[in-house]
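Given chain A's structure and the hints, the job is docking chains B, C and D onto it.
4 protein chains.
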Amino acid sequence: MINKEKSYQYELEFTVRDYECDLQGIVNNSVYLNYLEHTRHQYLLSKKIDFAKLHMKGIDLVVSRIEIDYKSPLSSDDKFVVKLTTRKDGHVRLVFEQDIFTLPENKLAVHAVVIGVGLNKGRLMKVEEIPGFDELQ
Amino acid sequence: MINKEKSYQYELEFTVRDYECDLQGIVNNSVYLNYLEHTRHQYLLSKKIDFAKLHMKGIDLVVSRIEIDYKSPLSSDDKFVVKLTTRKDGHVRLVFEQDIFTLPENKLAVHAVVIGVGLNKGRLMKVEEIPGFDELQ
Amino acid sequence: MINKEKSYQYELEFTVRDYECDLQGIVNNSVYLNYLEHTRHQYLLSKKIDFAKLHMKGIDLVVSRIEIDYKSPLSSDDKFVVKLTTRKDGHVRLVFEQDIFTLPENKLAVHAVVIGVGLNKGRLMKVEEIPGFDELQ
Amino acid sequence: MINKEKSYQYELEFTVRDYECDLQGIVNNSVYLNYLEHTRHQYLLSKKIDFAKLHMKGIDLVVSRIEIDYKSPLSSDDKFVVKLTTRKDGHVRLVFEQDIFTLPENKLAVHAVVIGVGLNKGRLMKVEEIPGFDELQ
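Chains as they are written, first to last, in my numbering: chain A, 9 to 145; chain B, 9 to 145; chain C, 9 to 145; chain D, 9 to 145.
Bound conformation, chain A alone (with noise of 0.2 Å):
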């Protein structure tokens, strides 16, 4: 499933805080769904996209499904790159696929999809008329 020849979109580097870890030592279960939003949002970023902005504009990029394979627990201090790849999925789906791997180990820590949709003052839109996705290739 994960293949190593694969090729990432984007990717952004973190270090573990020490107050992202619980009781157990590692990193809470729902912190790596804050480090997966983070890379999303600076590499829509990347492409002119602002996850603010367009929530003052009355769209909301919103997530409707996430699916998450913890691998590996990350724990204080450790160094991490998020990489991901996106895709449409039908007329109004945008797909994340977003990869965790250790450094300088590269060792899989997460795998997890991101489904999004775009909301129009709650309304669905079409992905090509969210403003800036239509040059997502």
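It is worth saying that the hints were derived from the structure and are not from the lab. Just so you know, not all the hints are guaranteed correct.
Identical copies look the same in the list; a pair holds intra-copy or inter-copy alike.
[To be verified] List time: in silico DSBU-like cross-link candidates among lysine-lysine, alpha-carbon distance up to 30 Å:
1) K56 / K79
2) K61 / K115
3) K115 / K91
4) K96 / K55
5) K65 / K115
6) K87 / K65
7) K115 / K14
8) K129 / K61
9) K65 / K79
10) K129 / K65
11) K79 / K96
12) K79 / K115
13) K115 / K134
14) K96 / K129
15) K134 / K79
16) K96 / K14
17) K65 / K91
18) K79 / K61
19) K129 / K115
20) K96 / K115
Bear in mind that the values here come from a model prediction, so they are computed numbers and not experimental data.
Here is chains B, C and D on its own, set in the frame of chain A:
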């Protein structure tokens, strides 16, 4: 998929706290994992299984996979209930099905399947070997 | 400093959730600010002042200063109560004194003084000008 | 109080992540404590003092008091730097002065004083007795 007649083994009520909402004014997608975890841990406590004390004995209950569908967003001061059922899957996996419903409307907000395993100093345990789990039906 | 006879205007009970504890096995110092904020917002709601709705009208209640003394740590599954009193300080500042006590022991866990102000599109407001605050005490 | 000539012992740069903002669209007041803590822990690591490893040896560095002034809010994608100086206060207290400045403007966002102590299995330690702290000037 969600059967109104479905019976659950445990449920816990919450109120959305404002700090759990993000700049879109709705609960951030990662925060639902906090609600789901707290409900699982309170359920386990009700069965005399203490996540924190197990950790101190070298036994860690960890999440290996989550599938979560976001159906309808929660926002400031919303009341809701998290319900769960559990079942064993094979020798080592415990499956929690968890649904979040708004109160008092009983509208489905989130549906999730969470798979957990027990580790004894890092080694996979059979579910029955985890102290207290032999009694979980 | 903490007077046992002290009378409070509002109180709210909580249970520590495991994800709020950090790798030391105790509630992380930042999380107490979440408890304090949620209690203030619920207090304001009890007075018909809605933090989220005010924001939508362009009025933001923001914290300008916090002094917090950590007296005794909370940990997994601890029950506790957050109590508060409020008073005006000058024309623009609202002062919340907030204490956290363990339950059922009533041991002081945290003592905090939180100073808030109201902003109307970024401009400081007199406390009485904030909708609903004229009726506070 | 903030002297532009002030010299700091350590500094660390950050970018605001969208999930750190609350429904007001600005970084939630509790999140600044996360920024401050992460900077202290990275500073200590730079001095070969490892918060997580000390915990495993029964020594806990805990915060006993924080005073924090919120001067100017941070919001989505803002860049900023957290700077710190440390000094001993008496035999058992370590005082961190921490300032957060926006980048590239160098506008003061937060000023904080954080007081920490060391505990050996719950007993207060002299600062010099904490492994590694004898070398902190």
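So, going through the hints one by one against the coordinates:
{"no.": "1", "hint": "K56 / K79", "result": "between (32 Å within a copy, 28 Å between copies)"}
{"no.": "2", "hint": "K61 / K115", "result": "between (35 Å within a copy, 23 Å between copies)"}
{"no.": "3", "hint": "K115 / K91", "result": "within (13 Å within a copy, 33 Å between copies)"}
{"no.": "4", "hint": "K96 / K55", "result": "within (16 Å within a copy, 44 Å between copies)"}
{"no.": "5", "hint": "K65 / K115", "result": "between (40 Å within a copy, 28 Å between copies)"}
{"no.": "6", "hint": "K87 / K65", "result": "between (36 Å within a copy, 23 Å between copies)"}
{"no.": "7", "hint": "K115 / K14", "result": "within (14 Å within a copy, 40 Å between copies)"}
{"no.": "8", "hint": "K129 / K61", "result": "both (14 Å within a copy, 17 Å between copies)"}
{"no.": "9", "hint": "K65 / K79", "result": "between (38 Å within a copy, 23 Å between copies)"}
{"no.": "10", "hint": "K129 / K65", "result": "both (9 Å within a copy, 18 Å between copies)"}
{"no.": "11", "hint": "K79 / K96", "result": "both (26 Å within a copy, 20 Å between copies)"}
{"no.": "12", "hint": "K79 / K115", "result": "within (9 Å within a copy, 33 Å between copies)"}
{"no.": "13", "hint": "K115 / K134", "result": "between (36 Å within a copy, 26 Å between copies)"}
{"no.": "14", "hint": "K96 / K129", "result": "within (21 Å within a copy, 39 Å between copies)"}
{"no.": "15", "hint": "K134 / K79", "result": "between (34 Å within a copy, 18 Å between copies)"}
{"no.": "16", "hint": "K96 / K14", "result": "within (18 Å within a copy, 34 Å between copies)"}
{"no.": "17", "hint": "K65 / K91", "result": "within (29 Å within a copy, 35 Å between copies)"}
{"no.": "18", "hint": "K79 / K61", "result": "between (35 Å within a copy, 24 Å between copies)"}
{"no.": "19", "hint": "K129 / K115", "result": "between (41 Å within a copy, 20 Å between copies)"}
{"no.": "20", "hint": "K96 / K115", "result": "both (28 Å within a copy, 29 Å between copies)"}
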